[in-house]
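Peer 1: Sequence:
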Amino acid sequence: MNYRRVGASGLKVSEIGLGSWLTYGTAAEIEVAQACVAEAFESGITFFDTANAYNRGEGERALGAALKPYSRSSYVLSTKVFFPMGDGPNDRGLSRKHIMEQCEASLKRLGTDYVDIYFCHRFDPETPVEETLRALDDLVSQGKVLYAAVSEWSAVQLAEAAAAGRRLGLRPLISNQPIYNMFERYIEQEILPLGDREGIGQIVFSPLAQGVLTGKYKPGQQPPPDSRASNAKLNHVINSYLRDDVLQSVQELEDLAAQAGMTLSQLALAWVLRHPGVSSALIGATRPSQIKENVKAAEVKLDADLLEAVETVLQRVKDFAPLR
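In this text, residue positions in the sequence shown follow our numbering: the first is 108, and each later residue adds one.
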C-alpha cells in the first residue's frame with residue numbers, strides 16, 4: 108500500500124480507503140464489517156470513511172464497532188454532516204446548530220473522541236458559507252475534528268469557501284469528496300485544477316461505478332441475483348449504468364486489463380489514482396476477498412499505451428450521464 112498527503116495538509120491516507128455507503132449497517136451485517144475491516148488493516152488500508160446519514164447512523168455504529176479493537180492512532184476516520192437526521196427544521200443542512208449537534212452524535216455512534224476528517228456532505232445554499240466554516244473551525248479548536256473538508260462541492264463553491272476561509276483567518280479545507288470513475292469524469296474539468304491550486308485533495312467515491320467496473324454485469328443479461336443491481340433498495344443509481352453501450356465498453360476494458368495482467372477493478376482503481384490530485388479512492392466491500400483484490404491496484408502503474416487504449420474505449424460513452 109502507498110500513502111498520500113491529503114491536499115496541502117500533513118495528513119497521509121492510504122491510496123485505497125474503505126467506505127461504508129450502502130454496505131455496513133445496511134447490505135452487510137456487522138460481522139461482515141468486522142471481517143472487512145480486519146482485511147483492510149491486513150492489506151495496509153488505514154483510511155475509513157462513513158457518514159451520519161448512512162442508514163440514519165447505523166453505518167457509523169457498525170464501522171465504530173468494527174474499529175474498536177484497533178489503536179485509534181493507527182487509522183484515519185472520517186464522517187459527514189448535511190442530510191436530514193430528523194424531521195425538525197434544524198435537523199439538516201450546514202447551520203452551526205446542526206453541525207455542532209451532529210458532530211457530537213457521530214462521535215457517540217462511532218465510539219471515539221474525535222474524527223480525523225469531517226466532511227460537509229453537500230453544499231447548503233440556505234446557510235452562509237462563513238457560518239459553516241466558523242463552526243468547522245471551532246470543532247477543530249475543540250479537538251473533536253482534526254481537519255475540515257467538503258463533499259461534492261462545485262469548483263465555484265470550493266473557491267468561495269477557500270476565499271472566505273482566508274478572509275476570516277480560518278484553517279483551510281483539506282479535501283473534497285466527489286464521485287470519480289471512468290464514466291463520471293466531471294472533476295477533471297475544474298475541480299482537479301482548482302484543488303491543485305488551493306491545496307484541496309480529492310478523496311473520491313464510487314471509483315468502480317457502483318460495481319459496474321468489476322465486470323459482473325454483462326450486456327443483454329440480467330444482473331446476478333446477489334448483486335446490488337438486483338436489490339430494489341440499493342439499485343436506484345446503478346441502474347443508470349446498465350445500458351448496453353456502457354456494458355459493452357466495460358467488456359472491452361476488461362479485455363485490456365487482462366492483456367495487462369490485472370483485473371478490471373484493479374485497472375479502474377489505478378486509472379483513478381493516476382492523477383496526483385486524488386488523495387485516495389474509496390471502495391465498498393461486502394467480502395474481505397474484494398478488498399484483497401482491490402488493494403493490488405496501489406501497486407499498478409499504467410503505461411502511456413494502456414492509458415491511450417482506455418481513453419479510446421471511454422470516448423465512445425463520453426456523453427454518459429447517470430440518473431441521481
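Rather than coming from a laboratory, the hints here were simulated on the basis of the structure. Hints may be right or wrong, so weigh each one.
[As the list claims (entries may be wrong)] Simulated crosslink set (BS3-like; lysine-lysine; CA at most 27 Å straight-line):
| id | residue 1 | residue 2 |
| --- | --- | --- |
| 1 | K323 | K408 |
| 2 | K251 | K175 |
| 3 | K119 | K215 |
| 4 | K175 | K399 |
Peer 1: Now tell me if each hint is right for this structure.
Peer 2: Comparing the hints with the structure gives:
1. K323 - K408: The given pair, whose Cα atoms are some 24 Å apart, holds under the 27 Å limit.
2. K251 - K175: holds (18 Å)
3. K119 - K215: Roughly 25 Å separates the two Cα atoms, so the pair holds.
4. K175 - K399: With a Cα-Cα distance of about 21 Å, the restraint between K175 and K399 holds, given a limit of 27 Å.
The structure fails none of the hints (numbered hints given earlier).
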